[in-house]
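Which chain is which? The protein sequence lines are W and P, in order. Quick note: the first sequence uses the working numbering, first residue 1, plus one each step. Quick note: the second sequence uses the working numbering, first residue 1, plus one each step.
Fair warning: there could be bad hints in the mix.
[What the hints assert, rightly or not] List of simulated lysine-lysine pairs, DSS-like, C-alpha gap at most 27 Å: (1) P:Lys341 / W:Lys130; (2) W:Lys79 / P:Lys374; (3) P:Lys353 / W:Lys79.
Hints are computed from structural coordinates only; laboratory data are not their basis. Treat the numbers as computed from the prediction; the structure is a model and nothing was measured.
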Amino acid sequence: MQWETVIGLEVHTQLATKSKIFSGASTAYGAAPNTQACNVDLAFPGVLPVLNREAVNCALKFGVAVGAEIGRRSVFARKNYFYPDLPKGYQISQFELPIVGKGELTVELENGESKVIGITRAHLEEDAGKSLHEDFHGLSGIDLNRAGTPLLEIVSEPDMRSIKEAVAYARKIHQLVVYLGICDGNMQEGSFRVDANLSIRPYGQEAFGTRTELKNINSFRFLERALNYELERQIDVVEGGGRIVQETRLYDADRDETRSMRSKEEANDYRYFPDPDLLPVEIDESLLEQIRDEMPELPGAKLQRFIQEYALGEKEAKALTASRPLADYYEAVVKAGGETKAAANWVTMELGGALNKAGLNLSDSPVSPVQMGGLLVRIADKTISGKIAKQVFEAIWNGEGDADMVIEAKGLKQITDTGAIEPVIDEIIANNPKQVEQFRAGKEKLLGFFVGQVMKATRGKANPEQVNELLLKKLKG
Amino acid sequence: MHNKTIAELGAGLRAGEFSSVELTRHFLERIDSLDEGLNCYITVTPDVALQAAEAADQRISAGYAGPLAGIPIAQKDIFCTQGVKTSCGSRMLDSFISPYDATVVERLNAAGVVMLGKANMDEFAMGSSNETSFYGPVRNPWDRERVPGGSSGGSAALVAARLAVAATGTDTGGSIRQPAALCGITGLKPTYGRVSRYGMIAFASSLDQGGPMTRSAEDAALMLQAMAGFDAKDSTSAEEPLPDFSAGLNDSLQGLKIGLPKEYFGEGLDAGVAASVEAAIEEYRKLGAQVVEISLPNTHLAVPTYYVVAPAECSSNLSRFDGVRYGYRCEDPRDLEDLYKRSRGEGFGEEVKRRIMIGTYALSAGYYDAYYLKAQKIRHLISDDFKAAFEQVDVILGPSTPSTAFGLGEKADDPVTMYLNDIYTIAANLAGLPGMSVPVAPVEGMPVGLQLIGNYFAEAKLLNVAHKLQQATDWHKLAPEGY
Chain W
1 MQWETVIGLE VHTQLATKSK IFSGASTAYG AAPNTQACNV DLAFPGVLPV
51 LNREAVNCAL KFGVAVGAEI GRRSVFARKN YFYPDLPKGY QISQFELPIV
101 GKGELTVELE NGESKVIGIT RAHLEEDAGK SLHEDFHGLS GIDLNRAGTP
151 LLEIVSEPDM RSIKEAVAYA RKIHQLVVYL GICDGNMQEG SFRVDANLSI
201 RPYGQEAFGT RTELKNINSF RFLERALNYE LERQIDVVEG GGRIVQETRL
251 YDADRDETRS MRSKEEANDY RYFPDPDLLP VEIDESLLEQ IRDEMPELPG
301 AKLQRFIQEY ALGEKEAKAL TASRPLADYY EAVVKAGGET KAAANWVTME
351 LGGALNKAGL NLSDSPVSPV QMGGLLVRIA DKTISGKIAK QVFEAIWNGE
401 GDADMVIEAK GLKQITDTGA IEPVIDEIIA NNPKQVEQFR AGKEKLLGFF
451 VGQVMKATRG KANPEQVNEL LLKKLKG
Chain P
1 MHNKTIAELG AGLRAGEFSS VELTRHFLER IDSLDEGLNC YITVTPDVAL
51 QAAEAADQRI SAGYAGPLAG IPIAQKDIFC TQGVKTSCGS RMLDSFISPY
101 DATVVERLNA AGVVMLGKAN MDEFAMGSSN ETSFYGPVRN PWDRERVPGG
151 SSGGSAALVA ARLAVAATGT DTGGSIRQPA ALCGITGLKP TYGRVSRYGM
201 IAFASSLDQG GPMTRSAEDA ALMLQAMAGF DAKDSTSAEE PLPDFSAGLN
251 DSLQGLKIGL PKEYFGEGLD AGVAASVEAA IEEYRKLGAQ VVEISLPNTH
301 LAVPTYYVVA PAECSSNLSR FDGVRYGYRC EDPRDLEDLY KRSRGEGFGE
351 EVKRRIMIGT YALSAGYYDA YYLKAQKIRH LISDDFKAAF EQVDVILGPS
401 TPSTAFGLGE KADDPVTMYL NDIYTIAANL AGLPGMSVPV APVEGMPVGL
451 QLIGNYFAEA KLLNVAHKLQ QATDWHKLAP EGY
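With the hints as extra help, turn the sequences into a complete structure.
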């Protein structure tokens with residue numbers, strides 16, 4: 001039987017606010033355990049939540065970006081369950097009236113087609129703390145630094161029909177939230193986490209099959225693997241005459257498998273009800289207007305602008321606009337004087353390659369956009385050749401200063417003075433009589449040999465065009 | 001000295017007749033000798049008190065002290081007090097020393113009050129008799145075989161017994177007004193949102209409201225002045241202007257329209273209590289008020305609605321008491337589930353557990369619409385009743401409770417009968433309106449409370465109406481024998 005895959009995703013994005021969603025404690029990652037948890041985060045008796053409006057603004061930006069319905073009124077609700085890293089015994093979330101309603105996102109697929117994926121809703125909620133089960137000798141440690149960090153949970157429709165579509169959608173959401181500046185997108189630190197719902201059904205059947213929910217996925221690679229594993233597992237179960245049980249499964253990246261966490265019967269009754277400690281959030285038109293005004297350029301618009309403004313090909317433009325930091329870097333290089341096409345090439349190829357090799361992020365690049373621009377200016381004005389430029393780039397990378405400083409210090413300035421090149425050529429012609437004879441006899445390929453000899457003798461600094469010209473004149477003359 | 005009001009003591013302090021340290025010592029001695037028979041205090045804080053008294057004396061002699069400077073009061077043990085045990089009347093928090101001050105505590109401290117200690121109360125404010133406290137029942141100073149009411153029973157009894165000049169209380173369904181009535185003192189539950197709930201341990205968040213418990217309306221105005229006002233730490237606190245609550249105390253009641261809800265004078269009301277209320281109404285007529293009968297047709301729905309909303313909210317609010325971070329933890333938990341079950345099973349008392357279970361049930365999937373959602377709708381109907389009434393009248397008047405204080409243990413095993421004791425007070429909480437209880441003529445030596453309900457943020461009007469009665473009569477000056 002041919003099975004159709006049906007996937008829906010729930011993406012948890014940590015919002016890039018300075019303080020927590022309901023308290024003034026810092027959201028910075030990596031502090032010593034429980035040093036960023038205030039009385040409110042610790043759920044001391046009597047404390048009350050106060051909404052951080054910045055989290056609301058972040059959610060609204062996302063809503064506007066996906067063309068979503070945004071209600072005038074949104075309500076926080078309590079989701080009640082017991083767990084040691086949930087200090088209040090309930091999570092403040094949203095249930096009936098989420099801040100962002102129905103929207104959609106267009107995803108480009110590998111085959112060049114695009115597909116619209118429905119977004120059911122996106123709601124604000126607080127993150128829980130972390131339970132640490134190692135190093136405590138049979139006990140568990142609780143770190144509440146993360147408790148109260150704002151999350152936007154983005155829920156998709158079950159619109160994806162392949163694992164590739166699901167991964168493309170997740171990547172697109174990731175690109176979008178980072179572009180919007182509402183999430184740092186750091187998946188290792190858990191800023192962007194995905195839960196996936198997957199079911200299968202025979203092609204042509206309208207009703208959905210029973211789904212399972214996969215939790216704990218914190219990379220795109222794991223998302224693909226977890227879905228692959230789960231898809232095969234479901235097909236095996238059904239084809240083996242079994243039935244899929246609705247349950248939550250945990251993806252174990254080390255073993256590359258999913259394991260049952262709890263079935264529907266064991267599922268919590270969360271007893272949602274509106275949180276009486278918080279007033280409904282009123283969204284007025286003027287706030288929405290302000291959000292729209294403050295919207296950064298989105299990936300699609302940026303791509304079109306790059307193609308037009310910088311006369312780039314679609315492929316190059318796409319590569320450069322894949323992430324906002326990269327696009328920003330490129331534009332800064334151009335602003336610093338880099339010619340647009342050369343800049344595209346250098347940023348994606350040379351810089352990209354070097355970063356990749358060193359395992360660095362763009363934000364950690366040792367070469368600043370201004371330095372890169374300065375280098376490109378020196379190529380364009382023929383101070384250095386493209387080949388020497390690579391040497392200069394390496395020196396800048398190693399912290400030896402700007403392009404001009406490196407060129408000066410290493411004496412890499414291109415020799416364009418005919419008077420300086422001519423004696424070198426004369427010497428080489430004199431030292432290689434055999435090759436000269438062959439060349440003159442018609443073996444013109446040997447020109448390359450002579451060019452190479454001249455470049456070697458000038459340590460690459462001679463202007464290649466000039467060398468060519470002079471050599472031809474002398475050899476033929 | 002202990003029979004004087006805040007206003008009188010303040011005048012004496014400022015005139016240098018006595019110091020706050022002397023006053024504080026006097027009250028600490030009274031607590032020492034008299035509280036054993038009453039059990040009003042869970043914690044007495046002589047060191048904290050004397051330190052505050054010394055500071056107040058300095059402020060007074062420097063000439064920049066407000067009306068509350070140097071005045072000894074008690075804090076209900078539901079308010080978090082930094083460095084002082086804050087138990088909420090529960091074994092669960094018997095070991096809890098709060099790391100911070102509630103906004104109410106902070107504001108009263110800033111006004112210069114002297115905290116003598118923390119007042120006994122029903123566990124987590126759940127009760128109408130102060131019998132659910134982990135620290136044992138409080139006895140009514142008018143008759144020690146009777147209850148003082150609850151949940152602010154300790155606060156009411158200690159003010160009546162002159163073991164502090166005033167106290168704070170909280171009122172979720174009548175917890176200030178009912179004990180004030182049963183102990184013969186003045187208690188005010190402000191409009192929901194008037195007094196910050198930050199640091200006031202939550203029972204039912206949409207109903208809880210802190211307020212003053214005093215021996216006169218004049219004192220209540222002074223206390224409320226310090227306690228009330230917008231607080232950025234409480235999202236439900238109101239950004240309403242704060243009037244001078246003392247300014248209009250003596251305004252004439254000529255032409256004031258008082259409404260008597262016929263539902264508050266029907267079956268179930270003790271004849272003696274009815275007669276006392278009638279006598280007070282007569283006083284108001286003499287003061288020039290017009291008295292008319294009104295109707296609050298949904299009154300009979302108040303108690304059932306309350307016993308869905310309050311337990312539902314409490315079931316969630318009390319989830320944080322899990323034995324993990326602070327408070328009671330069972331011995332040698334086998335695993336996480338055992339830790340939860342035994343810590344909560346052993347840390348909470350029967351009434352608290354009963355309400356958590358009712359509330360958990362009411363919020364469960366499949367029951368939510370029938371209980372919680374429906375209760376919220378009825379709340380609107382009850383509020384609408386009041387809205388209509390306040391189009392006709394300025395204040396609503398009736399009894400605070402159906403009877404005088406009942407005997408210790410008399411209703412302890414019958415929760416429903418106990419719940420009905422709050423039949424007249426609950427509606428004001430559901431609607432968020434301010435309500436007050438003031439003493440009127442006692443029945444067979446036991447105090448009776450007259451309830452006044454005002455429109456939203458009309459505390460100043462309520463205080464005026466109460467004060468005029470207290471100017472015309474001496475009921476509020478009666479003291480229990482031996483105190």
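- prompt: Looking back at the numbered hints, which does the structure fail to meet, lowest number first?
  reply: Going through the list in order, the structure violates no hint and respects every one.
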